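Chains A and B supply the protein sequences, listed in that same order. Sequence positions in the first sequence follow the numbering used here and run 2 to 755. Sequence positions in the second sequence follow the numbering used here and run 27 to 282.
Since the hints were made in silico from the structure, they are not lab data. Any given hint might turn out to be false.
[What the hints assert, rightly or not] Looking from chain A toward chain B, a few residues come up when the C-beta cut is under 10 Å (computed):
1) G159
2) R253
3) D571
4) N575
5) G636
Remember, it's a predicted structure, so these values are computed and weren't measured experimentally. Cβ atoms here follow ideal geometry from the backbone N, Cα and C, with glycine treated the same way.
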Amino acid sequence: MPEVAGVALRDDELARIRERLGREPSVVEVHAFDAQWSEHCSYKSSRHLLKKLPTTSERVILGPAEDSGILHLGEFNGERYGIVIAHESHNHPSQVVPFEGAATGIGGIVRDVLCMGAHVIAVADPLRFGRIDDLHSHQRYVAQGVVDGISAYGNAIGVPNIAGDVYFDERFDDNCLVNVVAMGIVREAEVIHSYAPQGADGWDIVLVGKATDASGFGGASFSSLTLDSADEDSNKGAVQVPDPFLKSVLMRASYHAFEFLRKQGLSVAFKDLGAGGIMGCSAEIASAGGYGASIDLDAVNVAIEGMRPEVVAVGETQERLLWVVPPEITPELLRIYNDLFTLPDIAYNARAVKIGTVTAEKRYVLRHRGEVVMDVDIAFLTGSIRDELPFHDIPAPAGTAERSLVTGVQLDELIERVLAHPDVCSRAPLYRRYDTVVRGRTVIPRGAAGAGVLAPVWGSPLGVALAVAGNPRYSRIDVRLAAEHAVYEAVRKVVAVGARPIGLTDCLNFGNPRKPEHYSELVAAIDGLARAAKNFETPFVSGNVSLYNESASGRAIPASPVVACVGAIDDIANVVTMPLKAAGSVLYMVGRPQTALGSSVLLDVLGRSDEHLPRIDYEAILAQHTLMYEASQAGLLRSAHAIGNGGLAAAACEMAFAALAEGHAPVGVRIDDSWQWTQGRVGNLEAYFGEAGGFVVEVAAADVEAFESLAAQADYIHEIGVTLDRPVLAIDDDAFDLHHLRDIWYAPLREVYP
Amino acid sequence: MSRRIAVLVFPGTNSEEETVRLLRDCGGDAHLVHWSGAALLPSFDAYVLPGGFAYEDRIRAGAIAAHDEMMDHVIAGAELGKLVLGVCNGAQILLEAGLVPGTGPVRHPTAAFTRNGPVAHFVCTHVHVKLSVKPGRSPITAALAPEAVIPAWAANAEGRLAAQENHLAELRNGDHIAFVYAHEKGNVDPTATPNQSALGVAGLVNRSGNVLALMPHPERDAWTFNHPDKRRGDDMLAPSGGAALFRSFVAGVQRS
Numbered sequence: 002m003p004e005v006a007g008v009a010l011r012d013d014e015l016a017r018i019r020e021r022l023g024r025e026p027s028v029v030e031v032h033a034f035d036a037q038w039s040e041h042c043s044y045k046s047s048r049h050l051l052k053k054l055p056t057t058s059e060r061v062i063l064g065p066a067e068d069s070g071i072l073h074l075g076e077f078n079g080e081r082y083g084i085v086i087a088h089e090s091h092n093h094p095s096q097v098v099p100f101e102g103a104a105t106g107i108g109g110i111v112r113d114v115l116c117m118g119a120h121v122i123a124v125a126d127p128l129r130f131g132r133i134d135d136l137h138s139h140q141r142y143v144a145q146g147v148v149d150g151i152s153a154y155g156n157a158i159g160v161p162n163i164a165g166d167v168y169f170d171e172r173f174d175d176n177c178l179v180n181v182v183a184m185g186i187v188r189e190a191e192v193i194h195s196y197a198p199q200g201a202d203g204w205d206i207v208l209v210g211k212a213t214d215a216s217g218f219g220g221a222s223f224s225s226l227t228l229d230s231a232d233e234d235s236n237k238g239a240v241q242v243p244d245p246f247l248k249s250v251l252m253r254a255s256y257h258a259f260e261f262l263r264k265q266g267l268s269v270a271f272k273d274l275g276a277g278g279i280m281g282c283s284a285e286i287a288s289a290g291g292y293g294a295s296i297d298l299d300a301v302n303v304a305i306e307g308m309r310p311e312v313v314a315v316g317e318t319q320e321r322l323l324w325v326v327p328p329e330i331t332p333e334l335l336r337i338y339n340d341l342f343t344l345p346d347i348a349y350n351a352r353a354v355k356i357g358t359v360t361a362e363k364r365y366v367l368r369h370r371g372e373v374v375m376d377v378d379i380a381f382l383t384g385s386i387r388d389e390l391p392f393h394d395i396p397a398p399a400g401t402a403e404r405s406l407v408t409g410v411q412l413d414e415l416i417e418r419v420l421a422h423p424d425v426c427s428r429a430p431l432y433r434r435y436d437t438v439v440r441g442r443t444v445i446p447r448g449a450a451g452a453g454v455l456a457p458v459w460g461s462p463l464g465v466a467l468a469v470a471g472n473p474r475y476s477r478i479d480v481r482l483a484a485e486h487a488v489y490e491a492v493r494k495v496v497a498v499g500a501r502p503i504g505l506t507d508c509l510n511f512g513n514p515r516k517p518e519h520y521s522e523l524v525a526a527i528d529g530l531a532r533a534a535k536n537f538e539t540p541f542v543s544g545n546v547s548l549y550n551e552s553a554s555g556r557a558i559p560a561s562p563v564v565a566c567v568g569a570i571d572d573i574a575n576v577v578t579m580p581l582k583a584a585g586s587v588l589y590m591v592g593r594p595q596t597a598l599g600s601s602v603l604l605d606v607l608g609r610s611d612e613h614l615p616r617i618d619y620e621a622i623l624a625q626h627t628l629m630y631e632a633s634q635a636g637l638l639r640s641a642h643a644i645g646n647g648g649l650a651a652a653a654c655e656m657a658f659a660a661l662a663e664g665h666a667p668v669g670v671r672i673d674d675s676w677q678w679t680q681g682r683v684g685n686l687e688a689y690f691g692e693a694g695g696f697v698v699e700v701a702a703a704d705v706e707a708f709e710s711l712a713a714q715a716d717y718i719h720e721i722g723v724t725l726d727r728p729v730l731a732i733d734d735d736a737f738d739l740h741h742l743r744d745i746w747y748a749p750l751r752e753v754y755p
Numbered sequence: 027m028s029r030r031i032a033v034l035v036f037p038g039t040n041s042e043e044e045t046v047r048l049l050r051d052c053g054g055d056a057h058l059v060h061w062s063g064a065a066l067l068p069s070f071d072a073y074v075l076p077g078g079f080a081y082e083d084r085i086r087a088g089a090i091a092a093h094d095e096m097m098d099h100v101i102a103g104a105e106l107g108k109l110v111l112g113v114c115n116g117a118q119i120l121l122e123a124g125l126v127p128g129t130g131p132v133r134h135p136t137a138a139f140t141r142n143g144p145v146a147h148f149v150c151t152h153v154h155v156k157l158s159v160k161p162g163r164s165p166i167t168a169a170l171a172p173e174a175v176i177p178a179w180a181a182n183a184e185g186r187l188a189a190q191e192n193h194l195a196e197l198r199n200g201d202h203i204a205f206v207y208a209h210e211k212g213n214v215d216p217t218a219t220p221n222q223s224a225l226g227v228a229g230l231v232n233r234s235g236n237v238l239a240l241m242p243h244p245e246r247d248a249w250t251f252n253h254p255d256k257r258r259g260d261d262m263l264a265p266s267g268g269a270a271l272f273r274s275f276v277a278g279v280q281r282s
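So here's chain A without its partners, still in its complex pose:
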């Protein structure tokens, strides 16, 4: 057995490899299995759990099997269009080197969408950071570096950032979360798969992109270990180096290649190089088609001569993709990348090059300087392995909250504290650094609603909405219900813009699964996701797990299931935005206020706690969502906003702040004493600040009758107030200046992102 440093394979796994090979594995083979059998690649402790998630519906073109999932969006001019969606994390790298880690996160997820034959149309980023006050300068440095990295990469490649969220919590002090979502558009007849198609025996394996270097060596197993600050310097070598400039050219060259292949009418394979590098990608693309592969490492375009074969084989140099094409196509493919888009002039030794062949024999063979350095059964290398880990059932907390909250704090002070809370305050200082409108397809940009909306098909009224959610405070109380709330919130934000939610992706960020308390959280969270997704009829079509989010001191992140929801819009003329439109409208709350305030922003600003999360009454909510959809189609909603952190009060303020633009007549809000519209079922504070969900909607006085007649089909529709012709928030007998409140709301993140 060779001594191999920096490998996460366990002794029992090594013994299994030795037994199967009938010999000692070579150094290259040890590294290959280390990458391929890491949690990152193999999902060995999560795959069987993920099977519980619903993954099919009439909308699903491709479920979670390849680099991205695909959902049917709609038809235009006789063509069927699909939305390609992928979700990933780059948590460990971003904690170690925030700028590069976050940038390569965007870079990787974009390739996952691109390789399906899609044009990449949007990215979104759910972020979770530690405390960012003056006493936590390192955490602040991470929070700034991550945003700058996302900005630098996404802006350069010309993909708009249309959605995202951010939370700040001390339990992320040692491990930030950088989740990334990418979305693409593809004609369904032109999807390119990530497996060698039928008849691919003898086809060429063509590597395109950046010259392979030593960066990102050991990245897959690095992300499957806990972070040790003493190893920070050596960990930095496991982080890849981003090159958005090269990626921008690679994307355009690939779009050109798609056109060429479309004209040929050929079925080929295309796949992103991620974890496990050349080895991981070529083994999976061949194996998934029922083939083997033979790769010549000497053919690989390298940045440095004399690298060890295992570094060339499994290193995770960025900006690379792999094609499997018939040999007669290869010359034109090489010409597109190397001559038309001049890859070798764009970055040192970047190019497209044939590196191997698909074989009928189901072996995976690597050659280096004429010698075979790896020769294994390809199914053994890429096949599913499974870790049985202990867990226990996490029971839901018993009972419900019954008593109304009482506090001596005045309402105006409560509103100000809630608006200045890190989970409520304006995100504009952060997302202003992202290009949110490149490509010219934006229907609703960031800041104008809880979901971003694009018109992805040129000349067509089809629209697509995207929103993300996942409140880490909730999982403190009940991780199963927290996961359900993540789905509900993402769905709710999509419903608020007038879209139909059609599918989900998830990123499951948890602590070390070898500790039963964390693995049990994962089991419970997946249970919750499955329950919510079934109820909303929104299948999961792609996703990612990120385990081992834990520092050497044993401090783990809060269980963080993060969800993104895709919404379909038949006609972008019917979208609904968040800014209030006019004085004299009637305001409604669609949804049921509850007494439970557990983990709410309100309790946080009061320093209180409560062990009850709002419950989710799916039947009532589905009827409310139907109402929202029908009202938006009928043009009855002037504006709408999903209620979330900070409750109804924060939602109403955000709608009014968005209407305070220069040159527009101000629109204010009057909310009636909640006793009048809840009949005292909940107290005032629960009504104004509760986070049970629902919507605030603005209906023109002339449309009230039509809206109320539609609303008769749903329960819990409350008329809560009116819009005013002056910039105030009036609640019962109090009135607060909206400009003053807006300044309070805008200030906190401005400190971090000036």
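Position chain B relative to chain A; hints supplied.
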């Protein structure tokens, strides 16, 4: 014969698709020309340089692209009187090449769009720009109304005009300031300018009026569905708003 417009794609350009689509929707015969096809450029009648990060903004925005072979053809065409429009990174390239403001020799820039103030980072925000020369000053703006206000998105890290005092005076006196930042109703004050640009400048035109450099992107608020205040019942797919400048450009090209 229809006049052909080339939309230039340098390595790193990222706004070419919406630019070429908008030109076509405005009646232009527009085509993408990539850097490896530079030799095709002399056969075109007009040039549009879209936004992005040409050559990765190495050295500074526009510095390398200004010396690209494609720019040799653009400069030669501009000297013949062909119309040239640069948006965002395209504007930066035109300034770096010395075509705009064109008060010195070509490739001798006298002004630059450089790092934003007060904080030097990328800012993406909705803005309005106001035509501050007479429409007839340039064939590119000739079809716009006097003092036309056009919506656009500023999306850059280097959009602040900077020049020495004497050069700024030349810009003012030579009628080079084509567009300034303004509020939606056309009123101009410092709060309308997102980046502390000198004199509130958003766009500059050269002496002979055939080359225009504009920092914000009108093509990102150019179809009705892009508008923040779109209304139900409007034709969402119609070019409008920022399309006015492109329509005027296309009209200018067809007259030329």
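Now for the hints, and whether the structure bears them out:
The interface hint given for G159(A) holds, since its Cβ lies 3 Å from the closest Cβ of chain B, which is under the 10 Å cut-off. For R253(A), the shortest C-beta to C-beta distance to chain B is roughly 8 Å, which falls under 10 Å, so the interface hint holds. Look at D571(A): its Cβ only gets to about 12 Å from chain B, farther than 10 Å, so that hint breaks. Taken as an interface hint, N575(A) checks out: its beta carbon lies about 7 Å from the nearest beta carbon of chain B, inside 10 Å.
A hinted interface residue such as G636(A) counts as satisfied when its beta carbon comes closer than 10 Å to some beta carbon of chain B; here the least separation is about 5 Å, so the hint holds.
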